[in-house]
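Trainee: Chains Z and W, in that order, are what the protein sequence lines are.
Residue numbers for the first sequence follow this note's numbering, so the first one is 1 and each next one is one higher.
Residue numbers for the second sequence follow this note's numbering, so the first one is 145 and each next one is one higher.
Worth flagging that the hints you see were computed from the coordinates, not collected in a lab.
Glycine residues also receive a C-beta, built at the ideal position from the N, C-alpha and C atoms.
Be aware that one or more of the hints could be misleading.
Chain W stretches covered by chain Z per the calculated footprint, using a threshold of three residues with CB under 8 Å from any CB of chain Z [as the list claims (entries may be wrong)]:
{"hint": "1", "region": "294-305"}
{"hint": "2", "region": "392-399"}
{"hint": "3", "region": "415-426"}
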Amino acid sequence: MKLRADRRIGLLLGGVLLLTFAAIGATIALPASDASLATKPKTLSAAEARGLRIYRAEGCWFCAATTQKAKGRSQSSLSTSTYAGRSPSFLGIERSGPDLANPTTATKSALVKYLRKQHGKVPSFGYLSDKDLNALATFLLSLH
Amino acid sequence: MVEARTATYQYEPDFAARQSILWSIAWLVGGVTITLVAAVVTMRPSLTQGHGFLSPALLVAASHTAIVFGWLATVGFAAIFALLPRIGEVQLHNEVLGATTTLAWSFVLTVGILFVLVGFDQGRPFAELPAGADLALALILVMVLYNAGVTVVRRREKTLYVSGWFLLAAALVAPLIYIIGNLPVFTGYVDVIVNGFYINALEMLWLLAIGLGIAHYVIPVETGNGLHSVTLARATFWSLFFAGGWAGARIYSFGALPAYVKTIAVAMTFVLLLPVWSAAANLFATARGRWELATRSYGLRFASTGLGLAVAWIGLEALSAVPAISRYVGLTVWGDGLRFLAIFGVFSSFGFALIYHAYPLMVGREWYSRSAASFHFWATLAGVGLGTVSMLATGAAQSALTSSGQAPRGGTVVDALHVVTVLAFAIIAVAQYALAYNAMRTSRSGAYVDLIARSPAAARSW
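All chains should be modelled from the sequences, with the hints used to inform the complete structure.
Mentor: In structure tokens form, the structure reads like this:
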């Protein structure tokens with residue numbers, strides 16, 4: 001039994017491309033064009049923007065949460081405005097790190113002091129310059 | 145009918161495939177080593193204190209890249225370069241181009257990983273490499289597609305066997321998936337959706353498609369039985385590419401995304417049971433009556449193990465996509481456990497099946513040590529089993545901690561399970577060192593292989 005699709009490779013590949021583009025259209029393009037979900041992004045100060053770059057460069061995004069608003073089963077409380085305008089969104093796929101949107105340390109100086117030392121599985125960032133640590137703390141405090 | 149043109153290239157057959165297999169083994173050894181170091185440093189961050197480039201998160205990013213794009217993608221290239229010519233009864237269109245693309249891929253990846261370690265991390269899971277490296281890698285994927293495409297166009301055997309469908313389709317969608325997933329132009333919730341699409345498509349449309357292409361070749365050839373059902377294979381292929389691109393949002397079902405996107409993703413995750421389970425049924429039926437061969441054929445053994453693990457993996461993925469369960473295990477290591485099972489269990493097993501089947505044919509020698517091959521098989525299986533169970537248990541424990549209002553990152557149970565996970569990575573790493581040793585000795589000291597007895601004719605007997 002030999003069907004046309006097996007011999008006509010163009011048909012086979014055309015079908016694959018069609019299905020892939022249909023998936024992209026329905027799951028990416030359609031929601032991306034939904035005006036009701038668009039929210040105005042928060043404008044970051046120069047220090048916050050620098051802190052965000054450090055947050056990304058140091059890989060903090062991998063373990064820590066910037067969008068989990070409270071402990072417990074809180075994800076349903078998230079809205080698209082939580083990460084509006086962010087690129088990358090830093091939603092991440094794992095949450096083994098602390099909830100940075102709800103820091104227990106609420107002042108910048110205390111947060112800088114906290115970041116200098118290791119706490120459990122959170123490594124020390126003492127190798128960063130004072131300017132970078134301050135920027136990182138400013139960014140983290142801007143999350144809540 | 146116009147006679148098919150044969151390849152005109154002067155290099156020996158399988159040159160590109162052999163180079164790709166050797167590179168894939170090198171990436172495997174490097175990748176499992178980085179993964180083990182990352183797991184240890186994640187448990188004890190003080191070990192690399194003061195060295196920012198060795199921070200746990202950056203090491204994990206490097207290990208993801210080394211394993212997925214180093215080991216799995218490169219063994220995928222090897223499958224394309226080795227199997228498409230055999231199926232089409234023609235030499236690879238350009239062996240030198242094939243070997244060069246693999247070499248260039250490895251070079252760009254190495255540079256990209258070094259850049260990630262010094263802080264040029266893009267901040268997206270499985271898309272950590274800097275934009276310059278992404279562009280180069282996308283171009284290399286296009287070159288692989290070109291080589292594969294021209295090989296198929298020039299084939300002598302006009303009816304393309306099932307494996308060819310999967311391998312060619314994977315080569316076709318790979319550049320598309322890679323470009324979309326690594327374009328740093330999306331923001332907000334669209335960025336989340338795109339990353340979900342990317343990770344899912346990477347697994348389903350690229351790596352799983354390559355894996356099923358390998359399995360549909362190795363099992364019939366190693367058993368000498370024709371494929372049980374081409375109709376079932378056709379159902380496997382089209383259901384995979386029908387549903388594979390739609391299920392991405394399940395990865396971020398805990399995030400704020402449009403409800404219909406999540407609903408589609410959950411539904412399509414269940415549809416994905418069909419391609420995996422149908423492939424398993426078809427290939428297990430193909431091997432019926434010849435299972436005794438699995439005692440001496442490690443290609444057959446790994447291919448069937450990959451199928452068995454795929455059945456379990458896709459079942460767990462579907463289960464985890466159910467909203468009630470997803471709410472419970474979301475934001476925990478549970479998702480990592482599923483990806484670990486897919487990467488080290490399912491996709492790697494298919495990669496090993498190709499290596500154990502094809503490498504002896506390429507070097508003209510049988511595997512040097514059956515004991516090393518046996519150790520590789522059982523240690524890999526033990527490591528995958530242990531790691532999967534420990535990660536899923538960690539995820540469940542984290543979720544229980546979160547539900548009771550505690551931080552999910554610490555606690556005696558979570559810490560103890562992390563030790564088990566590190567042990568699993570160590571077992572897997574040692575197993576891959578055994579494979580590398582065996583491959584190295586095989587090329588020099590293995591017994592000469594009986595090429596006639598290992599003809600690929602059985603794969604086309606349908």
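Trainee: Indicate, hint by hint, whether the structure satisfies it.
Mentor: Hints, one by one, checked against the model:
Under the rule that three or more residues need a Cβ within less than 8 Å of chain Z, the assignment of the region 294-305 of chain W holds, with 5 such residues. Only residues whose C-beta sits within less than 8 Å of a C-beta in chain Z count toward coverage, and the region 392-399 of chain W has 6 of them, enough to reach three; the restraint holds. Counting residues of the region 415-426 of chain W whose CB falls under 8 Å from any CB of chain Z gives 0; the rule of at least 3 is not met.
In terms of the numbered hints stated before, the structure departs from hint 3 and from no other.
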